[in-house]
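K.L.:
Chains A and B are the protein sequences, given in the same order.
Under my numbering, the first residue of the first sequence carries the number 2, and numbering increases by one thereafter.
Under my numbering, the first residue of the second sequence carries the number 2, and numbering increases by one thereafter.
Rather than coming from a laboratory, the hints here were simulated on the basis of the structure.
All figures in this text were calculated on a predicted structure; none of them were measured in a lab.
Some chain A residues near chain B, calculated using beta-carbon distances under 10 Å:
| hint | residue |
| --- | --- |
| 1 | K256 |
| 2 | V260 |
| 3 | Y310 |
| 4 | P347 |
| 5 | H349 |
| 6 | D376 |
| 7 | L410 |
| 8 | D468 |
| 9 | E476 |
| 10 | T477 |
| 11 | L478 |
With a cut-off of at most 25 Å between alpha-carbon atoms, the simulated BS3-like pairs for lysine-lysine come out as follows:
| hint | chain 1 | residue 1 | chain 2 | residue 2 |
| --- | --- | --- | --- | --- |
| 12 | B | K356 | A | K356 |
| 13 | A | K256 | B | K436 |
| 14 | B | K436 | B | K356 |
| 15 | B | K436 | B | K350 |
| 16 | A | K350 | B | K436 |
| 17 | B | K210 | B | K182 |
| 18 | A | K436 | A | K350 |
| 19 | A | K356 | B | K350 |
| 20 | A | K436 | A | K356 |
| 21 | A | K436 | B | K356 |
| 22 | B | K350 | A | K436 |
| 23 | A | K256 | A | K350 |
| 24 | B | K256 | A | K436 |
| 25 | B | K350 | B | K256 |
| 26 | B | K350 | A | K350 |
| 27 | A | K356 | B | K436 |
| 28 | B | K356 | A | K350 |
| 29 | A | K210 | A | K182 |
We put the beta carbon where it would ideally sit given N, CA and C, even for glycine.
Number of protein chains: 2
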Amino acid sequence: MTAVDVRPTVTTGPITGSRKAYRGELGIPVREVPLSNGEVVTLYDTSGPYTDPSHPLDLQRGLPKLRESWIADRRPLDGAVTQLAYARAGEITTEMEFVAGREGVPVTLVRDEIAAGRAVLPANIRHPEMEPMIIGSAFLVKVNANLGNSAVTSSIEDEVDKMVWATRWGADTIMDLSTGKRIHETREWIMRNSPVPVGTVPIYQALEKVGGAAEELTWEVYRDTVVEQCEQGVDYMTVHAGVLLRYVPMTARRKTGIVSRGGSILAAWCLAHHRENFLYTHFAELCEILRAYDVTFSLGDGLRPGSIYDANDEAQFAELTTLGELGRVARAHDVQVMIEGPGHVPLHKIAENVKLQQEICDSAPFYTLGPLTTDIAPAYDHITSAIGAAMIAWHGTAMLCYVTPKEHLGLPDRDDVKAGVIAYKIAAHAADLAKGHPGAQAWDDALSDARFEFRWQDQFSLALDPDTAQAYHDETLPAEPAKTAHFCSMCGPKFCSMRISQDVRRYAEERGLGESEALSAGMAEKSGEFADRGGTVYLPVVDA
Amino acid sequence: MTAVDVRPTVTTGPITGSRKAYRGELGIPVREVPLSNGEVVTLYDTSGPYTDPSHPLDLQRGLPKLRESWIADRRPLDGAVTQLAYARAGEITTEMEFVAGREGVPVTLVRDEIAAGRAVLPANIRHPEMEPMIIGSAFLVKVNANLGNSAVTSSIEDEVDKMVWATRWGADTIMDLSTGKRIHETREWIMRNSPVPVGTVPIYQALEKVGGAAEELTWEVYRDTVVEQCEQGVDYMTVHAGVLLRYVPMTARRKTGIVSRGGSILAAWCLAHHRENFLYTHFAELCEILRAYDVTFSLGDGLRPGSIYDANDEAQFAELTTLGELGRVARAHDVQVMIEGPGHVPLHKIAENVKLQQEICDSAPFYTLGPLTTDIAPAYDHITSAIGAAMIAWHGTAMLCYVTPKEHLGLPDRDDVKAGVIAYKIAAHAADLAKGHPGAQAWDDALSDARFEFRWQDQFSLALDPDTAQAYHDETLPAEPAKTAHFCSMCGPKFCSMRISQDVRRYAEERGLGESEALSAGMAEKSGEFADRGGTVYLPVVDA
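The shape of chain A in the complex, shown without the other chains (with noise of 0.2 Å):
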């Protein structure tokens, strides 16, 4: 892949307590929970060949070519590749049965959403190891993973097992966001081992061409490093074409000016030539490379607020209105389109972001970042993250963007990349669960279940972090018996609610008695025989 001595090591292996499964002709990869009662719950699964043991890994040669024949078997319609062309002219395609069977949704649906522009389906023809996966309201919400090493720290090593380590617990997408040296060969590395589909902000690759000084930029030296990044099959790019020249001003009374790494790049070369910024006078040029390829746009905002004080402000929802604009250019190219925003908005300023985005960008599916809900919490800003997350995905965000822990304050280590995803896909699940997503609860029915069964097991198999939720319990009561015990150590046998709740139904169900009934109906005269036992029935001491 590379002359130079890069050799990654990955973690593969089953999530503990679940199995990889694949489900019909293509294969879809599923995350199988066999349970103590044999039932099997599936899950959705994001972890690629990693989690098979049957899988030969080789990271030097990448994942299998899975679309590799579906690409070639079908021909351009006008030049276009793009799962947006095909769905506008009433094709389905391979990649939308794969989502469709990953949704459970039917495939008329993943067609019609994408041909609406509600819906995209990055999957660039020059990335045919990817699971295809689909973003869009209509849809479960996506996580997305920031992975990439900056000037100051990290390695290719690093940033290829922070990326198989992030689809392990649940990214949707990564985006590989390197801007120190050897850019290009980490980003081989990534995409010929990721499962998911990968993102880039092609700016930053650029101002390292030019030396790390904006004014230097050129729409050619941009054009040419949009050109390498489809070559090598990235699948969606961050494009600030939205930072116009007379929006920088806008910015200049925020608290926290612009935060947008793009952004600010873009704002200094407007200012430096004060012409309008490049992107956005060679947009159409870009939309027919992108066409290509089947790269994805993800419009990038620029002028997101980076505080409390700067939310919702001028500078932000000009630059959506133009995000709009842009989104229509696209998708008469044919190419798909989302658009990005948040940042940092309280709580009771998220549902406008949303409200207006659907508006103006014709309900193109919305990729948020966060937002953090308070500035408070450095070190902690997954957490003030994931209730904006849950809150904007709720009103109809299709993608969220994690943050870490370390967000203001290092680059995340593989610890805060776990944490970022886990509190995400928290997020996520809790906005699948109020949009009542058609299968979503039954995850978290089958872990309630376990859980007053005392089917400790069972719930560790089920839980989003395993690992962690057995780990927690052991440090207690770390015997083998106390995984059956049918009590835990924060109340202790006398005390277990869950224990008492269930003695009074298996009291009703040896009587063969419906549970209703048992409670209702029967209960005066049972009143004595429950106090002939002793209180037993209530109260169980249990010997662990």
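Using the hints, position chain B against chain A.
P.N.:
Below, chain B without anything else, positioned relative to chain A:
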């Protein structure tokens, strides 16, 4: 204090970067954060004398009796010593003045909210050590931390340490939920050393007195336990008087039955005797006891939902109706009342909880556990529930009962207590911002200013958890110069957007221009100058 050799040790000393200070004649405690630019930010402080290096710590003796003379100097009103009785009589107590100063609101607001039953000021006359605080939707959202040993684990020393630790990080009240041995002694240590109100669930101790057999419970045993705890100084008590016999069958079809410990004990008693809950039938007598000490009722939600599936069901709302009725009885006895709520509730069902509670319970303060917005993440339930907590507090919940990462898995240790408190301070503050609480945003603004101006030490000092914020920063940039560097490891020097924004602003200032003027009116002619300066204005390489 007791003959047994218990010698707890606790964490003392100021929070990193902060200093303890006192305001006004009443000596209202505050956390002052002196900044490098000469400003001082003043924050609400719950940590008691433990963060005051000049305070002579003596756990054996307990904290100074701040309220002793205040209590001694006033007369009961027809036997009542409650803040509610005084407020209704138009009297302003010293406690009311204290909380008005603490919250920065007029004392008449405090008195009127208490008089109307919309706020409570839990302050047992037998707990003179406590620093008064107020719970009501017109005030800052409060956070409670649950402590307490169980039959399985933990010791008195651990619990006293956790109490101090929880208040250090911002717990506004603590509940001692001990169920194991030495309940009375554990509580005595906590009472005498707690700077915040202490709540309990007396049924736990009553149950221990009858050997753990729920059906052996009697009103007399319970009453004596309540009196014992009133004498010790407990400030509020959870009483599950709303678990009526006829509501128990409503839980039979639930996924997780009754998950409240107290609720399940009372349900078991009701079923065993086929009689109405003795807490309900003796409620007026209970009111008379609490009235004589000014103990606040926390009317327990014994039938709260323990899973997403069970949220907002018939049992939950039936009990709420009874809690509303009991609240009116309590207030008729001049006893202060809050109402407990939630548990597991998906996002879209949260607002309804507050709306109903406010209607049914005459706007009495709502005190909710979480709610957890999904069941799938054991080990991360501080996050699943911080999401719900922020939302429910925004809608009007007055106090949030924290959830730790160990929820459902085990008893929280010191680290878990901190994780829970921090997550809930975030939720509470996010709600304060969303409610537009006066002054709440000043904290965010101060931290954002520090962030934008690269005052790293000020950022750490202003953080909810300065130690962790600094530790995370130092993981990647430990050297002292990095504390003043104009970038962090996340983006490195060239890509730091805040740096770029700031350079633009400085450029304007140096030329004596208003920022907007500089950026808009004068921009055309400035662009040439910008270029002449070789781009360093926009993308300076900082030598750190």
